Amino acid sequence: MKETYVIELFDYFSNNGATITEIELFYGSKKVNYRVLDAYDTVTKGVPHYWNDTSYWGFDRLSNNNKIYTNNSTGGASSTLFIYSLNSTAGQGNWARFSIETDDVITKMVICLGSPEGRIPKEVTIFRVNGKYSSTLLNSRLTDGLKEIEKLNLNNNILAPIDFEVKVNEFGFSIYSDITNEYYSLSDNTLVHLPDNSPKNMILHGIEQGKEIQLDVPFDKHRYFNDTPVANVSGKVFTHDIDKINTLNIKELRENNSFEPIYTWYETNMTANNVPSPLVASASSINGSLYEPFRAFDGITADGTTYNTWATASNQHLESWVKIDFGAEKEVNCVALSARRIENIDQMPKTFTIEGSNDNTQWTELGNFSKDDWQAITTYTFSLKNGSYRYLRIINHTTNGSNVASWCEIKYGYKREVK
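Quick note on my numbering: the sequence shown kicks off at 38 and runs consecutively.
Hints in this document: simulated from the structure, not taken from any laboratory. These figures come from a predicted structure and were not determined experimentally. Warning: the hint list may mix true and false statements.
Stated by the list, open to error - Here are the simulated EDC-like pairs of lysine to aspartate or glutamate, each with C-alpha atoms no more than 20 Å apart in a straight line:
no.	residue 1	residue 2
1	Lys184	Glu202
2	Lys184	Glu368
3	Lys184	Asp75
Stated by the list, open to error - For each label pair, taking beta carbons as the anchor points, the in silico distance ranges come out as:
no.	residue 1	residue 2	range
4	Trp302	Asn194	48 to 56 Å
5	Asn194	Gly336	45 to 53 Å
6	Asn103	Leu74	15 to 23 Å
7	Thr338	Thr180	23 to 31 Å
8	Asp410	Glu187	48 to 56 Å
9	Thr91	Leu196	22 to 30 Å
10	Ala413	Leu327	13 to 21 Å
11	Lys184	Asn397	20 to 28 Å
12	Phe201	Ala309	34 to 42 Å
13	Asn306	Asn190	27 to 35 Å
Here a beta-carbon is modelled for each residue, glycine too, at the ideal position from N, C-alpha and C.
Let the hints inform the model, and build the full structure from the sequences given.
Okay, here's the thing in structure tokens:
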């Protein structure tokens with residue numbers, strides 16, 4: 038199972054950059070191959086200066102099995118250089134991030150760091166990507182979609198490259214959930230659900246150090262290893278020996294199609310159009326400063342006299358829009374929309390479309406709706422086409438009579454079903 042990691046270097050001690058001499062990945066004692074995906078450097082506002090150079094200091098030096106760094110010449114042959122320019126100096130707070138994709142799950146990462154020239158990063162932080170990888174994870178120091186594994190705080194006395202060993206996953210087993218877009222270790226005792234309409238099969242990993250993982254999986258998605266009935270058990274028990282760990286037991290208690298939805302809502306609770314970061318709300322127009330776009334994402338559904346709604350300018354209601362930028366992709370398949378108070382119920386959109394985008398230019402329709410029976414200060418949930426998007430917007434085509442369009446509250450989320 039492939040995993041993706043982001044590695045961040047922050048500032049350096051002296052000279053004109055920071056180096057990494059080698060990165061090695063392991064599952065136990067077995068070496069695991071990896072590929073370098075993308076990079077971002079604040080000095081160049083793109084990839085590091087020598088990133089694609091095949092002669093020296095390029096990214097291919099991260100895995101060339103050369104840890105010799107005694108001077109500038111040998112360093113260029115063995116190491117990758119970040120945060121570099123002829124005019125750059127230490128202490129300016131520059132940083133760089135790059136991503137790697139593994140061929141398999143890893144238990145350990147070994148990072149070789151040190152420089153006789155002082156090109157030593159002050160901090161190196163290792164993150165694991167939770168869910169789908171996007172190169173936008175590299176363009177800021179935000180940690181949405183990332184799980185911090187380790188932060189190395191270094192000093193300026195590492196004059197020759199030495200290995201720093203980072204435990205990534207102590208037991209070496211993890212499960213990726215396409216419901217939450219996260220990885221789970223077996224040591225977490227995590228309940229994982231796979232819906233009936235998923236094209237995937239859940240990999241059953243077993244018992245680890247006496248802790249049993251329960252996998253909430255539709256019965257036609259189990260991998261049945263043994264169909265032999267077991268005495269005094271209602272239902273079926275399936276067992277399978279997993280290497281030297283233990284025996285996995287899965288008991289099928291019932292077979293029915295009764296599901297209950299569980300909603301994960303992306304809370305925004307905004308207090309300004311760009312607070313909290315990285316959220317940004319915007320709209321086609323506003324009905325004065327008391328009806329800013331963030332009001333539709335402030336988490337308040339009681340539409341009283343506190344002006345907690347977004348509203349368009351008069352006669353700007355047709356084809357108006359309100360949008361939120363999450364700063365990173367969010368998997369969505371539903372939205373909760375809250376209506377206004379009775380005095381303004383005619384401002385509620387009658388026909389509207391919800392769209393998603395990852396570049397704020399190309400938009401995908403997630404749902405097209407018509408509603409003329411809004412009830413005051415009531416929240417309604419609408420299903421959307423499943424997808425992962427950074428930007429989400431509602432386009433209001435018509436209202437229920439007013440020449441102003443408004444929303445009391447908009448909340449996007451992800452719905453899954455469990456037995």
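Against the structure, the hints:
no., hint, verdict
1, Lys184 / Glu202, "18 Å, holds"
2, Lys184 / Glu368, "17 Å, holds"
3, Lys184 / Asp75, "18 Å, holds"
4, Trp302 / Asn194: 48 to 56 Å, "49 Å, holds"
5, Asn194 / Gly336: 45 to 53 Å, "49 Å, holds"
6, Asn103 / Leu74: 15 to 23 Å, "22 Å, holds"
7, Thr338 / Thr180: 23 to 31 Å, "29 Å, holds"
8, Asp410 / Glu187: 48 to 56 Å, "54 Å, holds"
9, Thr91 / Leu196: 22 to 30 Å, "27 Å, holds"
10, Ala413 / Leu327: 13 to 21 Å, "20 Å, holds"
11, Lys184 / Asn397: 20 to 28 Å, "27 Å, holds"
12, Phe201 / Ala309: 34 to 42 Å, "41 Å, holds"
13, Asn306 / Asn190: 27 to 35 Å, "33 Å, holds"
In summary, the structure agrees with every hint in the numbered list given earlier.
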